[in-house]
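2 protein chains.
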Amino acid sequence: MADTRGNRDRGTQPSGTRSSGPPGPAARFPGLGEEQVRVLRRVGREWGRVSAAPEVWRRALPVDPDLGSFPPPAEIRPARFGRLVTISPLGPPPAREQAGTELPTGRLERAGARVRRVLLGAALRSSAVVTERMRKLLALPVLSADALSSVAYGPEAMLAVLVLAGSAGVAYSFPVAGAIVFLMLAVGLSYRQTIRAYPHGGGSYIVASDNLGRVPGLVAAAGLMTDYVLTVAVSIASGVAAITSAVPSLAPATVPIGVGVIVLLLAGNLRGVRQAGALFAAPTYAFIAAMFALIAFGLADAAGRGFEPRPAPALPVTETVGLLLVMRAFSSGATAMTGIEAISNAVPAFKPVEWRNARTTLTWMVGLLIAMFAGIVVLIHLTGVVPGEGETVLSRLAHLGFGSGWMYVFVQAATAAVLLLAANTAYNDFPRVLSLLARDDYAPRVFMRLGDRLAYSNGIVLLSLAAALVFVAFDGLTASLIPLYAVGVFLAFTLSQAGMVVHWWRLRDRHWRKSLLFNATGAVLSAVVFITAGVSKFAAGAWVAIVAVALFLLVTLGIRRHYEAARTALRLRPHTIEVPAHAARGPAPARPERGAAGGEREDEENPQEVRHLSVVAIAALDLAGMRALAYAASLQQPVLALHIGLTDEEAARFRHYWNLWGDHLPLEIVVSPYRATVAPLVHYIEALHRQSPDLTLTVILPEIVTRHRRHQLLHSRTATRLRRALRPLPKIVITTVPFHLP
Amino acid sequence: MADTRGNRDRGTQPSGTRSSGPPGPAARFPGLGEEQVRVLRRVGREWGRVSAAPEVWRRALPVDPDLGSFPPPAEIRPARFGRLVTISPLGPPPAREQAGTELPTGRLERAGARVRRVLLGAALRSSAVVTERMRKLLALPVLSADALSSVAYGPEAMLAVLVLAGSAGVAYSFPVAGAIVFLMLAVGLSYRQTIRAYPHGGGSYIVASDNLGRVPGLVAAAGLMTDYVLTVAVSIASGVAAITSAVPSLAPATVPIGVGVIVLLLAGNLRGVRQAGALFAAPTYAFIAAMFALIAFGLADAAGRGFEPRPAPALPVTETVGLLLVMRAFSSGATAMTGIEAISNAVPAFKPVEWRNARTTLTWMVGLLIAMFAGIVVLIHLTGVVPGEGETVLSRLAHLGFGSGWMYVFVQAATAAVLLLAANTAYNDFPRVLSLLARDDYAPRVFMRLGDRLAYSNGIVLLSLAAALVFVAFDGLTASLIPLYAVGVFLAFTLSQAGMVVHWWRLRDRHWRKSLLFNATGAVLSAVVFITAGVSKFAAGAWVAIVAVALFLLVTLGIRRHYEAARTALRLRPHTIEVPAHAARGPAPARPERGAAGGEREDEENPQEVRHLSVVAIAALDLAGMRALAYAASLQQPVLALHIGLTDEEAARFRHYWNLWGDHLPLEIVVSPYRATVAPLVHYIEALHRQSPDLTLTVILPEIVTRHRRHQLLHSRTATRLRRALRPLPKIVITTVPFHLP
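Those protein sequences? They're chains S and C, same order as listed.
Numbered according to our numbering, the first sequence terminates at residue 1451, and the numbering increases by one at each position without gaps.
Numbered according to our numbering, the second sequence terminates at residue 1451, and the numbering increases by one at each position without gaps.
Worth double-checking, as some hints may not be accurate.
Example chain S residues on the side facing chain C (calculated, C-beta under 7 Å, incomplete) [said to hold, decoys possible]:
#1 R767
#2 V772
#3 P1061
#4 T1092
#5 P1153
#6 A1328
#7 A1339
#8 L1369
#9 L1374
#10 I1378
#11 L1422
Subject to a maximum C-alpha distance of 25 Å in a straight line, what follows is the list of computed DMTMM-like cross-link-like pairs (lysine to aspartate or glutamate) [unchecked claim]:
#12 K1223(C) with D919(C)
#13 K1060(C) with D1357(S)
#14 K845(C) with E1063(C)
#15 K1060(S) with E1063(C)
#16 K1060(S) with E1358(C)
#17 K845(S) with E1063(S)
#18 K1223(C) with E1358(C)
#19 K1060(C) with E1358(S)
#20 K1223(S) with E1063(S)
Cβ-Cβ distance ranges computed for the label pairs, FRET-style [to be verified]:
#21 R1280(S) with G969(C): 53 to 59 Å
#22 R1426(S) with E1311(C): 19 to 25 Å
#23 T1285(C) with H1284(S): 44 to 50 Å
#24 G821(S) with A1182(C): 29 to 35 Å
#25 R1418(C) with W1115(S): 56 to 62 Å
#26 H1284(S) with D1372(C): 18 to 24 Å
Since the hints were derived computationally from the structure, they do not count as laboratory data.
No experiment lies behind these values; they were computed from the predicted model shown.
Just so you know, even glycine gets a beta-carbon here, dropped at the ideal spot from N, CA and C.
Chain S on its own, in the form it takes in the complex (with noise of 0.2 Å):
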């Protein structure tokens, strides 16, 4: 396995077995591997042998560094973009006074630090995590409300192909309902063997890599990803469609509808798992409540009539029966299963024993799922209801079965809801899958910090930018979306299942034969409707998936590339070093040079290794240039003060002034042509590590800051200008002396 050596080297997993569950709050501070620890204490050796002993540092030490409990309670306040928050959100404002100096908290930050409390809740504490755990009877709802909530458009999406052939196209539709019901039953039963084998979370991602490769694995993360992005897109527009449906003047606010409940979403996930999941379980019952009402009526209805359907509309015939209708109206009604693999991913949020209750609640899941799906399309067939425009096709049937009474209302509200909401399937998985990516070196780390209410909060927010991009992009239609949808889905459910076929014929434990059967055959009927949903609807939309999923690939290789080649410079190189003489009175003497070959490089791991040259960048001899020089002189290291001049006359004067003051340390002064601070000083800088490019060059900036921020714009910028300027060049340290006017 090609990165199991990247892993164990980093050692993010102290017992050496890599856990699939997703990485906790520690992730982000990687441990060390065996052979960097064997370096850390070469390199410690060789620390102790050239500086003081540790006592005479601690003995040193001015202050007693172990401040109590910390922070103590009294003083913990909101800072700015912090998350050091009250526990108690609405207390009384935390003692500022008190504390003597100020935290950069200005009024406005505090009050959006308490809204935000008040939206999202107080922080919670990192041994929460454990709690933060879901009942069968909540995961249920929470986790299943992505796939239940697809047969309000998988059916309809069949139906919209099929009709497009009249009703010789209808009369395919329980054949191709058959062979999607088949498929339901196959990948839960393939899903079962994955909560099995991997009891800490089976995401597709985790198996397909674990048992193909990583780029196999990253081509079923790529699908999942873009998969997530469209459950949210599509479930929306599907929601609202709900809603326009019962309520046609809604329809022309359809996409602030949907980008208002794409912000609600944000805001409930990002309060935490828990919350959400309580928020989420009503619709959710409710929905399947309604649609059993619904079939139940329908199907009392048609036993009054003895089962005879009624007679279906006269269809206009745009196409005829094809082998490429059939498989249109196959992989569009296949994405009723969509949402399916939730539980497998998220095995970890069921409270222990986590597999157990997780495969219960798979079998639930797909039981509920298939039964609605097949009594929806029963009752299609039974009462010919034929899709068009304005209505979605389960509003007609609750029409048609209660009127327009309560029961209506109820049935489109639960749907709506239910699909408004099966958007959040995604928001429990999308952030998951990235933090397993970003552990892996696939993603920006920032996607491993768990905020304070322990949620995921950068993948919330990915997310939801993301999802709102494509709805917007959209027009928030449904049947725009679903040609995107299939290819990815399927795409990420193939390489699951082919995973878990290797995974059994690796182990060959007891049953591994069914268990691989069930599995060959998910992958199989997944990698059919994949290689149909590509083929048939390339153009009507597939290949903006198929883009996106090599686009992912593309980004995401690149980022571990950059991550490696960052972990091999950040690498310690011990090598043993020459003891120089004793350091004298006054300014330490230039220390010996190391050879040639290490001077360059910044690869100092030992105070001995480090030649200094402090220059001080001053432009008047005030308190806070003089600060700047002191500061400077009594880091007992050798100090140069550089001064700008903007003529030669400033130049003459600055210099008459340095010999009033007395001369106390060497000065250089460059004459600037053009006017102008930052450019000469920059050059002036490189030039001198061109010189000695062994030396680490110390710039000391003195920098003036004023209490109001509108203040700072009648202050120079030049050090923060020279702060950019100077961050790309190598071996400068750059120290900023603040001077703050009162």
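We have chain S already, so just place chain C on it with the hints.
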């Protein structure tokens, strides 16, 4: 005088006398006053008593600071946001490889600098400032464009008020115009005195603040500044009207055309004063020629009729002739005088002998102005033209005189050109006045910066922004802008002439009585116009100008207050200190504390006063972290390493690694309860500061710097966020130790 002490104290002018010319490039670094020089010596003596001798520091220097003529010509190249550029704008690209290091100059920035060079010209050395002067025949069109072009809208503005009273009103046009001509003569003579008395440039701001005090000076400046902004807006509005009179189909594009012209003016003026002048000489001369041709043809035509006025069309009477109407007509017509002060403001822009050349030019200008204004008014009377919608009066006169042939086109084109370019006078003066305000601490210091084309670029940009805002807000309509216009101008005129009266009274040299009389007349007449305009047009828009003046006063006085407080805070405060024991090997021992009084303040003027503690914020024991530790330890000052643990396990693991390394430095681990890193770090450092307020805490931050900016997203932003959060805390020095990824 209120601000003499402040100026002498800063010693901007070594000779002690205050120059009224615009500040040179060196003014951004003001010199020291006598008292500060004495203090500097005392501080230097104290430093010499406790610190190593200068020779020791010089010997310790590991480099030769004299890098030869700097920067070497071959290496001059554009820096990002820098002002240092290749001399030949289209020459070969600067040799980057040769330099061996990287300047932060991407391909995009280099291309931007190249475009900038081609558009704005190569950078000019400071020594070129003397040659950037104007001859009289160039200064006349450049500085008079504003005043002379005013005849394009002044007579029309006057008449537009009079026609409201029908032909009874129009009959007043000769008396009102006569009063305006008298005013022009008086103010012109008055400004001749000013030029003689203020050979270094006697703008209203200088004259009023020198003789009347700082607040009257600021009020005059406020009037001037609003006037300059309105000059740009009104001139462009009127110029665009000249175009749309000739080509009515362009009328809907008034606003975009005007904004485009402002952008052109901006670019032209950023090139520097001389080029801008040469570019703008031709249209002014063309306009003068066109006006005299128009008047001559008109008079010749009228002479053929025995100077019998043509009958005016029947006019609807909406107001009766009254004092208020005449006053409004007078103050509207007086806008023809705007810009008359431009020459006295810009005396230093003339070739030597400046004041004599300026005075001659002023006389020429006033003569031309009176002749053109009177001629146009007479012509209007003779032809019976009245103002109306869609076409300017000047366009009607030209149609009458020349039909629609090429002469008509010439008149309109010259009018449009001179008006569009009249705005340029404001571009000469606005930045100059602003730089004077900045020199006197009434405006941000950035307005003193001479750009690499020796123009006050920041002032030019500000004027463009303000003018564009006003132009767009008033839809580019001259008639809407005129009521705002006169107030500011005549406010400045009044204060300037009143200041001159005081000046002559104080001086009482030869001819002082005559000069005083001229200036007194000018002051009284200007005051009359100011009051007339303020009263009669208050509701029509004059209140906007008055509010602008009040706001200007508020802001400038606030800025001055801030700078004064900053200057006081930055003053050196000499004090005697104790000489501590000899520095030992290893980290320096904690130094004896200073008196309780001085501990918390940021007033160390001496290396012995700085008590150090370096705090290394360390996330991982990789090369970047180890380098930061080595850097900190090599400073031979007390060091404390600080790690923020994300969980207890992570904290224990870090402690374990630290012990493996050898525990060479004191380490403190803070476990963050909510997984944040920045807030606990800031809290800890605040607590350290409270524990020992006299310590200078150096927070050392290892920071990973990537080569491409997009890769920076893959790394923690903690260092940046921490720097921002620590910035407002007192006595905290922030040191960034960058580690550059390959």
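Here's how the hints hold up against the structure:
no., hint, result
1, R767, "holds (5 Å)"
2, V772, "holds (5 Å)"
3, P1061, "violated (20 Å)"
4, T1092, "violated (54 Å)"
5, P1153, "holds (5 Å)"
6, A1328, "holds (6 Å)"
7, A1339, "holds (5 Å)"
8, L1369, "holds (6 Å)"
9, L1374, "holds (5 Å)"
10, I1378, "violated (10 Å)"
11, L1422, "holds (6 Å)"
12, K1223(C) with D919(C), "holds (21 Å)"
13, K1060(C) with D1357(S), "holds (23 Å)"
14, K845(C) with E1063(C), "holds (10 Å)"
15, K1060(S) with E1063(C), "violated (90 Å)"
16, K1060(S) with E1358(C), "holds (23 Å)"
17, K845(S) with E1063(S), "holds (10 Å)"
18, K1223(C) with E1358(C), "violated (92 Å)"
19, K1060(C) with E1358(S), "holds (23 Å)"
20, K1223(S) with E1063(S), "holds (23 Å)"
21, R1280(S) with G969(C): 53 to 59 Å, "holds (57 Å)"
22, R1426(S) with E1311(C): 19 to 25 Å, "holds (20 Å)"
23, T1285(C) with H1284(S): 44 to 50 Å, "holds (47 Å)"
24, G821(S) with A1182(C): 29 to 35 Å, "holds (32 Å)"
25, R1418(C) with W1115(S): 56 to 62 Å, "holds (59 Å)"
26, H1284(S) with D1372(C): 18 to 24 Å, "holds (21 Å)"
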